[in-house]
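Q: In this text, residue positions in the sequence shown follow this note's numbering: the first is 13, and each later residue adds one.
If you are wondering where the hints come from, they were derived from the structure by calculation, not from laboratory data. One or more of the hints may lead you astray.
[To be verified] Computed list of lysine to any residue pairs in SDA-like fashion (alpha-carbon distance at most 25 Å, straight line): (1) K71 with T179; (2) K71 with E124; (3) K71 with Y218; (4) K71 with D141; (5) K71 with G160; (6) K71 with Q100; (7) K71 with L119; (8) K71 with R107; (9) K71 with A198; (10) K71 with R161; (11) K71 with V194; (12) K71 with D200; (13) K71 with R219; (14) K71 with V81; (15) K71 with A145; (16) K71 with A138; (17) K71 with L105; (18) K71 with D181; (19) K71 with A252; (20) K71 with F250; (21) K71 with G270; (22) K71 with P82; (23) K71 with A108; (24) K71 with R162; (25) K71 with G268.
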Amino acid sequence: MHVTETTAKKGAVIAFEGPTSSADGSTHQVDTRSPGTAATLTSPPKAHDGYRHEAFLWKGSREFLSGSVPFIRDGLRAGQPVLVAVTQTRIGLLRAALGDDAHRVELVDMAELARNPARIIPGLRAFMDQHVAEGRPVRALGEPIWAGRRPAEVAECQLQEALLNLTVDPGTPLWLLCSYDVQALAPDVVTEAHRSHPALIEQDTYRGSTLYGGAHHAVTVFETELPPADVPAWRRGFDAGDLVAVREDVIGHALGAGVPTGRSADLALAVHEVATNSLVHGSGSGELRIWHEAGALVCEVHDEGRISDPMRGRVTPAWENEGGRGLWMANQLCDLVQVRSGAAGTTIRIHTWL
13 MHVTETTAKK GAVIAFEGPT SSADGSTHQV DTRSPGTAAT LTSPPKAHDG YRHEAFLWKG
73 SREFLSGSVP FIRDGLRAGQ PVLVAVTQTR IGLLRAALGD DAHRVELVDM AELARNPARI
133 IPGLRAFMDQ HVAEGRPVRA LGEPIWAGRR PAEVAECQLQ EALLNLTVDP GTPLWLLCSY
193 DVQALAPDVV TEAHRSHPAL IEQDTYRGST LYGGAHHAVT VFETELPPAD VPAWRRGFDA
253 GDLVAVREDV IGHALGAGVP TGRSADLALA VHEVATNSLV HGSGSGELRI WHEAGALVCE
313 VHDEGRISDP MRGRVTPAWE NEGGRGLWMA NQLCDLVQVR SGAAGTTIRI HTWL
């Protein structure tokens, strides 16, 4: 699905309608066509034939299991493929609770899948491509944000959650339950989950989110500038004749920061690809900034161009399509890539953990 700048300015919101489940296994009908309006709940058929994106808010292991195990087992009983991508701690809890059913579930360590949050959507797409083509509804339980993630990682996970309201077609029979440990996560993180999910599930409660922003919220986040660095940055302007120098600058800074040779080369290649995009698809020139912050080396490329598709770099580009290939490569090579594009131009910030 392609979302253009024109669509964003009109404030268009994709409608998601279909039965959804509460933590106790009961089902409801959700209508989320108006952002900021609580969903209307009625009684639907049990089978789901469209996309549902729900936030599962829990406190303590007992609440986590009481909401997740019925969701998983109901899917298995219905013959639906089930993907569970959570932290290793939660995987251990689920293995013990599910018993023999655990081997029927695709269990994935989210800390590995979402090491770079931009890989979450491609991982989910791969699961859907494998099973939805068979005509079967599928379920997924994910935990994109957990205590201890860096602030930049959390921000990017929040963007990914919002973008899931753009990239999945409303007719796709995917039931996606996103897990949030509200005791361990900061209140503002939980509030943001309300904005990116049309429905909220807690221990004994199912309700529509009054803060849900739909497609408009996703595009707004994508167009909002990243916070400025709070430390001094080295910088240089570049144009078509400076790409070799850009790579040398990045390698020099990375090696000086203690980044191993192989990872330094990967970082330099990623920045080179992003800088090339600035020359070809942006304004024909750009600025490179590099700085050190706690536990990270950060390289930032800024130009005056604008990216109209928030999914650029998050979807595998077709071989015949040059657009998005550089960003896709950067996401595969680096620890974290943040892309923001709006009236002030495009900023791409690449993090390497030290």
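Q: Confirm or reject each hint.
A: The hints, checked one at a time:
| no. | hint | result |
| --- | --- | --- |
| 1 | K71 with T179 | violated (30 Å) |
| 2 | K71 with E124 | holds (24 Å) |
| 3 | K71 with Y218 | holds (15 Å) |
| 4 | K71 with D141 | violated (33 Å) |
| 5 | K71 with G160 | holds (17 Å) |
| 6 | K71 with Q100 | holds (17 Å) |
| 7 | K71 with L119 | holds (22 Å) |
| 8 | K71 with R107 | holds (19 Å) |
| 9 | K71 with A198 | holds (13 Å) |
| 10 | K71 with R161 | holds (18 Å) |
| 11 | K71 with V194 | holds (6 Å) |
| 12 | K71 with D200 | holds (16 Å) |
| 13 | K71 with R219 | holds (17 Å) |
| 14 | K71 with V81 | holds (15 Å) |
| 15 | K71 with A145 | violated (36 Å) |
| 16 | K71 with A138 | violated (31 Å) |
| 17 | K71 with L105 | holds (14 Å) |
| 18 | K71 with D181 | violated (31 Å) |
| 19 | K71 with A252 | violated (53 Å) |
| 20 | K71 with F250 | violated (50 Å) |
| 21 | K71 with G270 | violated (40 Å) |
| 22 | K71 with P82 | holds (17 Å) |
| 23 | K71 with A108 | holds (19 Å) |
| 24 | K71 with R162 | holds (22 Å) |
| 25 | K71 with G268 | violated (44 Å) |
The earlier numbered hints that this structure contradicts are 1, 4, 15, 16, 18, 19, 20, 21 and 25.
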